[in-house]
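Could you build all of it, start to finish, from the sequences and the hints given here?
For the record, the sequence lines run as chains B and C. Here the numbering used here is used: the first residue of the first sequence is 1, the next is one more, and so on. Here the numbering used here is used: the first residue of the second sequence is 1001, the next is one more, and so on.
Just so you know, these hints were derived from the structure itself, not from any lab. C-beta: ideal position from N, C-alpha, C; glycine also. Keep in mind that a hint or two might mislead.
Said to hold, decoys possible - Label-pair ranges, simulated between beta-carbon atoms:
#, chain 1, residue 1, chain 2, residue 2, range
1, C, T1269, B, D305, 17 to 27 Å
2, C, P1130, B, D177, 54 to 64 Å
3, B, D346, C, G1241, 29 to 39 Å
As the list claims (entries may be wrong) - Think about it this way: if two alpha-carbon atoms lie no more than 30 Å apart in a straight line, the pair counts; the simulated DSSO-like pairs of lysine-lysine are:
#, chain 1, residue 1, chain 2, residue 2
4, C, K1038, C, K1048
5, C, K1093, B, K351
6, C, K1038, C, K1289
7, C, K1094, B, K351
8, B, K351, C, K1136
9, C, K1094, C, K1136
10, B, K374, C, K1136
11, C, K1048, C, K1289
12, C, K1136, C, K1093
13, B, K351, B, K374
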Amino acid sequence: MMRTALLAAAICACATTLARGTRHEAPSPLAPGTRHEAQADLGSILDAYYGGERDGAIARAARLRDLGRLRLQFVQFTPGWIESDPARAAARRAAVAGFIVELVAARLEDDWGRLSDLIEWTCAQILRPSGPPTEFERKWHMATTALAGRARTRLWLLGPYARLPHQKPLKRVPQKDDPPSPLHLMHAIERFPDDPQFQLARVVAWTWGRDAEPIRNVPPREGNDWRVPRPPQLEAVTALEPLQAVPAVAAEAWIRTGLIHVTVGDHVAALKAFEAARPAASATQLKYLSHFLAARSLEWLNRQDEAVTEYRHALDLVPVAESATVALASLQFLRGEHDASVALIDTTFGKTVTETDPGRLTGYGFYLHWPEIKAAMRAELK
Amino acid sequence: MIARAILLTLLCCPAVAGFDQAVFRARTDLVAISASVKRGNAPVANLKAADFRVTDNGVAQSIEAVTIESVPLDVTLFMDTSGSTAGALDRMKKNVLSIAAMLRPDDQFRLLTIGLSVEVPVPWQAAGRPIALDMKAVPGISVVYDALFVALTHTPAPGRRHLIVAMTDGQDCGSLLDGARVLDASARSEAVLHWIYVSASGEFDQFSVSAWCTPGDARHVDYVAQSAARTGGDSHRSRFGDPAVRTFAQILDEFRQSYMLRYSPQGVTTRGWHAVTVAVPAQPALTIKARSGYFGS
Chain B
1 MMRTALLAAA ICACATTLAR GTRHEAPSPL APGTRHEAQA DLGSILDAYY GGERDGAIAR
61 AARLRDLGRL RLQFVQFTPG WIESDPARAA ARRAAVAGFI VELVAARLED DWGRLSDLIE
121 WTCAQILRPS GPPTEFERKW HMATTALAGR ARTRLWLLGP YARLPHQKPL KRVPQKDDPP
181 SPLHLMHAIE RFPDDPQFQL ARVVAWTWGR DAEPIRNVPP REGNDWRVPR PPQLEAVTAL
241 EPLQAVPAVA AEAWIRTGLI HVTVGDHVAA LKAFEAARPA ASATQLKYLS HFLAARSLEW
301 LNRQDEAVTE YRHALDLVPV AESATVALAS LQFLRGEHDA SVALIDTTFG KTVTETDPGR
361 LTGYGFYLHW PEIKAAMRAE LK
Chain C
1001 MIARAILLTL LCCPAVAGFD QAVFRARTDL VAISASVKRG NAPVANLKAA DFRVTDNGVA
1061 QSIEAVTIES VPLDVTLFMD TSGSTAGALD RMKKNVLSIA AMLRPDDQFR LLTIGLSVEV
1121 PVPWQAAGRP IALDMKAVPG ISVVYDALFV ALTHTPAPGR RHLIVAMTDG QDCGSLLDGA
1181 RVLDASARSE AVLHWIYVSA SGEFDQFSVS AWCTPGDARH VDYVAQSAAR TGGDSHRSRF
1241 GDPAVRTFAQ ILDEFRQSYM LRYSPQGVTT RGWHAVTVAV PAQPALTIKA RSGYFGS
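Set out below in structure tokens:
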């Protein structure tokens, strides 16, 4: 309770600071938002969201320039807004929680650091005290975990002394200079201890800031040179192994396992893991990744013809995926297949793309699944 | 159809110095090398084909020369909209409009930026057409190498040349391709790449999503500068805003005053890497920048 009060006080204090300006450059006439909109009433926006006009409400809120005022209004106003209709309090509570998550998503790239504490405030003040966990809360936690994935905030999700499930917890007395963390994902796991999605998210988040950019241009290790800026995280494989047998997360557990093998240059093991993911994968993103990442490993193994085949399989699944396009075209360019390479680039980059590219999102945890997660959360808003 | 294509090509290249067959890339075995020739900082004009000496794998070649002044351009502008430069987004937008306005009606223009992936906010369009700009900054990742590769793969239509100007701090983070692959692509591309080093450091927004970078990926190899040099381009330093526009203007001006040297390779094998040297023997003090070679196929 004390912690919650402190969080609310901190939000109020931050709101004052943020009200003085949220961006470094002077407002551009090209930028959205007007003074009138900045003073819009949060209540009317929440009413619209609660009434089903979700996209419109989020668009209005996302245009607000004065985040300090918004933050203040949110913590001061929403408890009363929920209680204004006691018979529908549960639904209104869910609407508040859904609204803040969608607003954070809309301003995620620029304002994660300005809004993430409102997520935690909602968790601690609105959802967790409301009683036993609900299906909405499960979906909401999936959504917040996904957004934290885009921000790669291991600390925010797991705290400063994160341990894997099979590791003994550190018996370390918290220090006064420890970085603050709401342990957001650990609270989700407390509420939903048997949900394998959160177990998987915990392992994936544990690797952030420790891995070596699994899919990207990591230089190959030279012999036994372990003097790399960030040590490899093979320990996470131990935590992923039990999840490979759980159908709901098996495909992704295999893919995450393969990515860890990539970080240590074991492309044979990585390839096996990516191929193992294939029969278990049902989501298009995971099917795509099983082919795309296999192709990357095959390239490392200098099996270029097979890599080309795998890239093509990936593009069959997501035809305008920019990741497989760039990777395949560069391989073709290297092999002297100039015309094919140029044609592939021109085809993909000549189209307006609205789909997300799974190959570009592997480093962001559950954000890979954001559209589906958001839809599932909305479906629970009643 | 072929006759029409050749006729169009002839019409595109009226100003020819030193030869009378201005058929440009009409034959697949024709090699085209862009060469900038300067005395100090001043471009040298009015050189003839006979003034140049071009070798292909050490074998002197018989060349044709044309000034690029007369050739319509495909100009790719790459703006690094990642976290490290995103603080200057408004200035970048103004830069794009100013730069596009410098081009001639028969030039083409496109804009590449980077977010979570390589983006094309302005696809190829004729210069002079209004530009609908939808640029946004995406912090946390900076796929500079991938964007440069996409730029380098463009093959201009016969009778046109491709100039790439990249405004970036060169700090790659998150590309699929490594620097060596981009360097290789630069050797295989017909484009001329100029890198304008720009940085908006100090303006990074600490509240945005955090960066996902691994220190030392490039192992201190300056791949962007090397790629530019390999295409016959150069590296420059500037700042977003008016200085960057002035630097672009200088690049464009010098590019238009450079030369296109063309030849059908003689006395060399077709396949593999062809190292090319360009010189003006009578004036050894001149500075010549040209593509360092090409891959035969």
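Hint check: K1048 of chain C vs K1289 of chain C, CA-CA at most 30 Å. Holds or violated? holds, 17 Å
Hey, K1094 of chain C versus K1136 of chain C, does the alpha-carbon distance stay inside 30 Å? holds, 13 Å
Pairwise hint evaluation, K374 of chain B against K351 of chain B, where the allowed Cα distance is 30 Å at most: With Cα atoms ~26 Å apart, K351 of chain B and K374 of chain B stay inside 30 Å; holds.
Given pair status - K1136 of chain C, K351 of chain B, alpha carbons within 30 Å: holds, 19 Å
Going straight from one Cα to the other, do K1038 of chain C and K1289 of chain C come out at no more than 30 Å? Roughly 9 Å separates the two Cα atoms, so the pair holds.
Decide if the proposed pair is consistent with the structure: K1136 of chain C and K1093 of chain C, CA atoms, cutoff 30 Å inclusive. Holds, at roughly 10 Å.
T1269 of chain C versus D305 of chain B beta-carbon gap, inside 17 to 27 Å or not: Given about 25 Å between the Cβ atoms, the range holds.
Just to be careful, I want the Cα atoms of K1093 of chain C and K351 of chain B compared with a cutoff of 30 Å; is the pair within it? holds, 22 Å
Pairwise hint evaluation, K351 of chain B against K1094 of chain C, where the allowed Cα distance is 30 Å at most: holds, 25 Å
Between P1130 of chain C and D177 of chain B, is the Cβ distance one that fits in 54 to 64 Å? holds, 55 Å
Would you say the C-beta atoms of D346 of chain B and G1241 of chain C sit inside 29 to 39 Å of each other? holds, 33 Å
Assess, step by step, whether the Cα of K374 of chain B is no farther than 30 Å from the Cα of K1136 of chain C, and give holds or violated. holds, 23 Å
The structure is consistent with each of the numbered hints, conforming to all of them.
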